[in-house]
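J.: So the chains spell out like this:
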Amino acid sequence: MEEKLDLAPFDEWIKTLEVPEETYFFEFDLDGNVIALHPGPEVDHIKNKIQVDLDIALAIYEQGETLRHYKVDVTSSRVIKVNLASITGLTKIDDVLHRVVDKKWSKISKPDVSIEYNKADALLTFKINPLLKTIEWQGDQDMVFLITEYNDPNVLQEMISFNVNELVKYPQRINIDLPNKFSIYTRRLFDNYTFEYL
Amino acid sequence: MNFGYLIFVAAHPDIDYLKLAYALALSIKNTQKPGYDKVALVINDRSAVDALTSPWVFDKVIEWPEQKFWDGRSWMDKITPWEHTVCLDADMLFLRDYSHWINYFVENTEVYVVNRAYTFRGEVVTSDAYRRAFTKNDLPNLYSMWTFFKKDSGKEFFELARQIFINPQEFKNLYLNNHIPKVVGTDEAFALAAKLLDIDSEIAYPLDFPRVVHLKPQVQNWPWDAERVTDQVGFYLKGDGSLKIGNYQQTDIVHYVEKDIITDELVSMLEEIAWKKN
Numbered sequence: 003m004e005e006k007l008d009l010a011p012f013d014e015w016i017k018t019l020e021v022p023e024e025t026y027f028f029e030f031d032l033d034g035n036v037i038a039l040h041p042g043p044e045v046d047h048i049k050n051k052i053q054v055d056l057d058i059a060l061a062i063y064e065q066g067e068t069l070r071h072y073k074v075d076v077t078s079s080r081v082i083k084v085n086l087a088s089i090t091g092l093t094k095i096d097d098v099l100h101r102v103v104d105k106k107w108s109k110i111s112k113p114d115v116s117i118e119y120n121k122a123d124a125l126l127t128f129k130i131n132p133l134l135k136t137i138e139w140q141g142d143q144d145m146v147f148l149i150t151e152y153n154d155p156n157v158l159q160e161m162i163s164f165n166v167n168e169l170v171k172y173p174q175r176i177n178i179d180l181p182n183k184f185s186i187y188t189r190r191l192f193d194n195y196t197f198e199y200l
Numbered sequence: 002m003n004f005g006y007l008i009f010v011a012a013h014p015d016i017d018y019l020k021l022a023y024a025l026a027l028s029i030k031n032t033q034k035p036g037y038d039k040v041a042l043v044i045n046d047r048s049a050v051d052a053l054t055s056p057w058v059f060d061k062v063i064e065w066p067e068q069k070f071w072d073g074r075s076w077m078d079k080i081t082p083w084e085h086t087v088c089l090d091a092d093m094l095f096l097r098d099y100s101h102w103i104n105y106f107v108e109n110t111e112v113y114v115v116n117r118a119y120t121f122r123g124e125v126v127t128s129d130a131y132r133r134a135f136t137k138n139d140l141p142n143l144y145s146m147w148t149f150f151k152k153d154s155g156k157e158f159f160e161l162a163r164q165i166f167i168n169p170q171e172f173k174n175l176y177l178n179n180h181i182p183k184v185v186g187t188d189e190a191f192a193l194a195a196k197l198l199d200i201d202s203e204i205a206y207p208l209d210f211p212r213v214v215h216l217k218p219q220v221q222n223w224p225w226d227a228e229r230v231t232d233q234v235g236f237y238l239k240g241d242g243s244l245k246i247g248n249y250q251q252t253d254i255v256h257y258v259e260k261d262i263i264t265d266e267l268v269s270m271l272e273e274i275a276w277k278k279n
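First to last, the sequence lines map onto chains A and B. Residue 3 is where the first sequence starts when you use my numbering, and the numbers rise one by one after that. Residue 2 is where the second sequence starts when you use my numbering, and the numbers rise one by one after that.
A hint or two may mislead.
As the list claims (entries may be wrong) - Sample of chain A residues lacking proximity to chain B, with all beta carbon distances greater than 10 Å (derived):
1. Ile62
2. Glu64
3. Asp75
4. Val103
5. Trp107
6. Thr127
7. Pro132
8. Gln143
9. Glu151
10. Val166
11. Leu180
To be verified - A few chain B residues that face chain A, going by a derived Cβ cut-off under 7 Å, partial list only:
12. Gly235
13. Asp261
14. Asp265
Since the hints were derived computationally from the structure, they do not count as laboratory data. Heads up, the beta-carbon is just placed ideally off N, CA and C, and yes, glycines get one too.
All chains, full assembly: derive it from the sequences and hints.
T.: See below:
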């Protein structure tokens, strides 16, 4: 004889079903290097882990980013995106000769590198986003900035260079007398640069 | 002389064609002599023009919502308010005075369509990378991006081009079957109409002008494939309105193709020049 199962009707069951939230975690080593990306249910046994946004997980799963694009700041427990050219490669003219956009024309609110020029003091200042300071940069990462005629890198006026590690330690301040209009071009080690004329 | 330029724009979800037309109109005002600097804009909603900082760069604004996107160009002969017209694509910039070209066409022709394009280094474009349908079907190499015509001239040509544009499938099957283009745009419609009417030697005879730099990446004579010209060379518009592409100074009309080249900063530079001049 056929046994009758006491099951809730489908419509009631579907109303009470709770779909677990999709979560992802980075596993990292003591230096903050990301060594794995795990879906949420698989991480109970992992000691060094940090939850990451779904966007980051999808960027790795679907958009070609790698674990090397991220680092964990162990002291502040934050995930940091790493944009060093050694990872992304320099292939386009905008990477090897990137025009630093004037802040008033830019939608970038938190640049990786911000440059300010104080005309009264003739002082050019380069600062790095504090979130990026905790990263130890590997290898020689010279930052070269070309001060050129306005929107024309063919007419070079000054060249300034320093190492990214120097910028990480201190803002770089350079005394230099520049005209009212000029542009700054650079090899693009980071994603976002902005310039502000004070 | 009643001469003017004509630009068509329409709403697009991703591209602000009005901004491109505005930059082009500013560059026309900045470079052309009085009498050769009039611009008429055809747009589906004229209220957007009033929001521009300097809407006066458009001498006439014609509201015409009947065709989408830039397809309205096929009606250029019907819509123009000028006696002598050059219809332009919106994504172009003028860099010096070209009024002597206009004098030639007013005196010598009824209709003229550009049939030669140049790379940013000034070489004649020979590649058919984007024009296989032209070479395979033996169509004259017409570019509708710069089309001169006198009022009420070339009626048969424009009417046939319109019919091709409206009925692309029929004309493709009949006349373009050696290589069927995905889209029959104004270029293809003009070229096929000129061929069918056997007037290409009248409306597209060889001339060394007008010179239009066409910034499509695969026709720049680079020995590699390129997706975007601006991946390979920089686009440097200076405060005086002059333009370098890479390290080549540009003096011809530039058809830049990549719409994001026109930034707010670039528009403000063109506005500043226009304000100083006018």
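J.: Beyond 10 Å on every Cβ pair: is that true for tryptophan 107 of chain A relative to chain B?
T.: Non-interface label on tryptophan 107 of chain A violated, nearest chain B Cβ at 4 Å vs cutoff 10 Å.
J.: Grab the minimum beta-carbon distance between threonine 127 of chain A and chain B and tell me whether it stays above 10 Å.
T.: Answer for threonine 127 of chain A: holds, closest chain B Cβ roughly 22 Å.
J.: Under 7 Å, Cβ to Cβ, is where glycine 235 of chain B needs to be relative to chain A, so tell me if that hint holds or is violated.
T.: holds, 5 Å
J.: Over 10 Å to the closest beta carbon of chain B is the bar; see if valine 166 of chain A clears it.
T.: holds, 24 Å
J.: Under the criterion of a CB-CB separation shorter than 7 Å, is aspartate 265 of chain B in contact with chain A as hinted?
T.: Holds, about 6 Å.
J.: Taking the shortest Cβ-to-Cβ distance between proline 132 of chain A and chain B, state whether it exceeds 10 Å.
T.: At roughly 28 Å from the nearest Cβ of chain B, proline 132 of chain A sits farther out than 10 Å, so the non-interface label holds.
J.: For aspartate 75 of chain A, which was marked as not at the interface, is the minimum beta-carbon distance to chain B over 10 Å?
T.: holds, 33 Å
J.: Quick check for students: does the CB of leucine 180 of chain A sit more than 10 Å from each CB in chain B?
T.: holds, 15 Å
J.: Grab the minimum beta-carbon distance between glutamate 64 of chain A and chain B and tell me whether it stays above 10 Å.
T.: holds, 21 Å
J.: Mind verifying the non-interface call on isoleucine 62 of chain A? Its CB should be farther than 10 Å from each CB in chain B.
T.: The assertion about isoleucine 62 of chain A holds, with a minimum of 24 Å to chain B.
J.: Interface hint check: aspartate 261 of chain B, Cβ to nearest Cβ on chain A, cutoff 7 Å. Holds or violated?
T.: Nearest chain A Cβ about 12 Å off; hint violated.
J.: Checking a non-interface call: every C-beta of chain B should be farther than 10 Å from the C-beta of valine 103 of chain A. Is that right?
T.: The claim is violated: valine 103 of chain A sits with its nearest Cβ about 8 Å from chain B, within 10 Å.
Hint check: violations occur at hints 4, 5, 9 and 13; the rest are consistent with the structure.
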